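Participant: Sequence:
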Amino acid sequence: MGFFELVFTAIGASVVFCYVLKTLRLLKVLFPKLWDTLPGNFFTSMGEWAVITGGSDGVGKAYALELAQRGMNVVIISRSVEKLKKTAEEIEKTSGKTVKVLAADFTKDNVYESIEKTLKNQSVGILVNNVGMLPTPIPCKFLNMKFLERRLNEVINCNTKAMMHMCRLVLPGMEKRGKGVILNVSSGMATIPFPTYTLYTASKVCVDTFSQGLQAEYKAKGIIIQAVTPFAISTHMTGYQKPNLITLTPEKFVKTSLAYLKAGDKTFGSIPHTIMGWILQTVPIQFFHTEKMQQQLIELVKKNNTSL
Numbered sequence: 069m070g071f072f073e074l075v076f077t078a079i080g081a082s083v084v085f086c087y088v089l090k091t092l093r094l095l096k097v098l099f100p101k102l103w104d105t106l107p108g109n110f111f112t113s114m115g116e117w118a119v120i121t122g123g124s125d126g127v128g129k130a131y132a133l134e135l136a137q138r139g140m141n142v143v144i145i146s147r148s149v150e151k152l153k154k155t156a157e158e159i160e161k162t163s164g165k166t167v168k169v170l171a172a173d174f175t176k177d178n179v180y181e182s183i184e185k186t187l188k189n190q191s192v193g194i195l196v197n198n199v200g201m202l203p204t205p206i207p208c209k210f211l212n213m214k215f216l217e218r219r220l221n222e223v224i225n226c227n228t229k230a231m232m233h234m235c236r237l238v239l240p241g242m243e244k245r246g247k248g249v250i251l252n253v254s255s256g257m258a259t260i261p262f263p264t265y266t267l268y269t270a271s272k273v274c275v276d277t278f279s280q281g282l283q284a285e286y287k288a289k290g291i292i293i294q295a296v297t298p299f300a301i302s303t304h305m306t307g308y309q310k311p312n313l314i315t316l317t318p319e320k321f322v323k324t325s326l327a328y329l330k331a332g333d334k335t336f337g338s339i340p341h342t343i344m345g346w347i348l349q350t351v352p353i354q355f356f357h358t359e360k361m362q363q364q365l366i367e368l369v370k371k372n373n374t375s376l
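The sequence shown begins at 69 in my numbering and counts up one residue at a time.
Keep in mind the hints are simulated off the structure, nothing from the lab. Any given hint could turn out to be false.
[As the list claims (entries may be wrong)] Derived DSS-like pairs: lysine-lysine, alpha-carbon spacing no greater than 25 Å straight-line:
#1 Lys168 to Lys185
#2 Lys151 to Lys161
#3 Lys176 to Lys188
#4 Lys176 to Lys154
#5 Lys185 to Lys244
#6 Lys244 to Lys330
#7 Lys289 to Lys229
#8 Lys165 to Lys229
#9 Lys323 to Lys287
#10 Lys151 to Lys185
#11 Lys323 to Lys165
#12 Lys185 to Lys165
[Said to hold, decoys possible] Computed beta-carbon distance windows for the label pairs:
#13 Val149 to Ser191: 23 to 29 Å
#14 Ala171 to Leu313: 33 to 39 Å
#15 His304 to Val351: 28 to 34 Å
#16 Ile353 to Pro205: 23 to 29 Å
#17 Thr112 to Met361: 42 to 48 Å
#18 Lys154 to Ser182: 35 to 41 Å
#19 Leu216 to Asp177: 18 to 24 Å
#20 Phe356 to Leu216: 20 to 26 Å
#21 Lys161 to Ile343: 35 to 41 Å
#22 Glu181 to Lys161: 30 to 36 Å
#23 Ala284 to Val149: 35 to 41 Å
#24 Ile353 to Ala171: 39 to 45 Å
#25 Gln280 to Asp177: 22 to 28 Å
Every value quoted in this text rests on a predicted model; they were computed, and no experiment measured them. C-beta atoms are modelled at their ideal positions from N, C-alpha and C, and glycine is treated no differently.
Let the sequences and hints guide you as you build the complete structure.
Facilitator: Have a look at this one:
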């Protein structure tokens, strides 16, 4: 066989191999339980406590409820004491597990000392870094954002620094025990540079890359670290959009996302959101960057945001 025949054969084999891998990934997304079924005691085997930031409402509350129902005591951390207490009562009533509440405003820098004291000597098996914020309820261009300098600090503190600090607090204990799970909630919109959501998606790209790098560092220690990147979920942040095939309820999304714990260092957490991610990566990026598309997106969000 000549040199060029060898080259073309190698290229062909590489292409086939790539498509086989893509097919396997697709099957893993469609049928996660057939690949890596988690034992019933998986979550409680990680540790006694689950810690959820932004745990008083929406996706955070859904994670807290689900993990409590799977046998874990939970610590929920959020800004509103009243909402925390109400959520804690609901979780304790439905699951019978112990719930601790801690009020903390993650847009500030001075909240971690009290969190560290609360978590000291606790066997934290699962951390869900869910807390996050949009700089504005309606998307807009960067310079059109009201209170821009303040929003910059708040978004960076809440969406990125909070995640990093919480990982800093729980990782030593997980490393010592040789097990643990950290779920960092990102956003599917961070799949591409997303105009009119520029600050928000940039902060979520940080969540993705930080999570993937951290997983590479601590995978050998027996710790699962995963970026969870959903698209639309019916929460306060999205204006409580009506659930449908694409817009999931927090409870439905959390149940499906937990099935993907062993699917890699980044997951969209559900089949419809995975398909949306593939579409975003396939459609030429220039389509989303036109002035017309940006304006249409702003109008669409205004129309669907029922909280305005």
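Participant: Give me the numbers of the hints this structure contradicts, sorted from smallest to largest.
Facilitator: 8, 18
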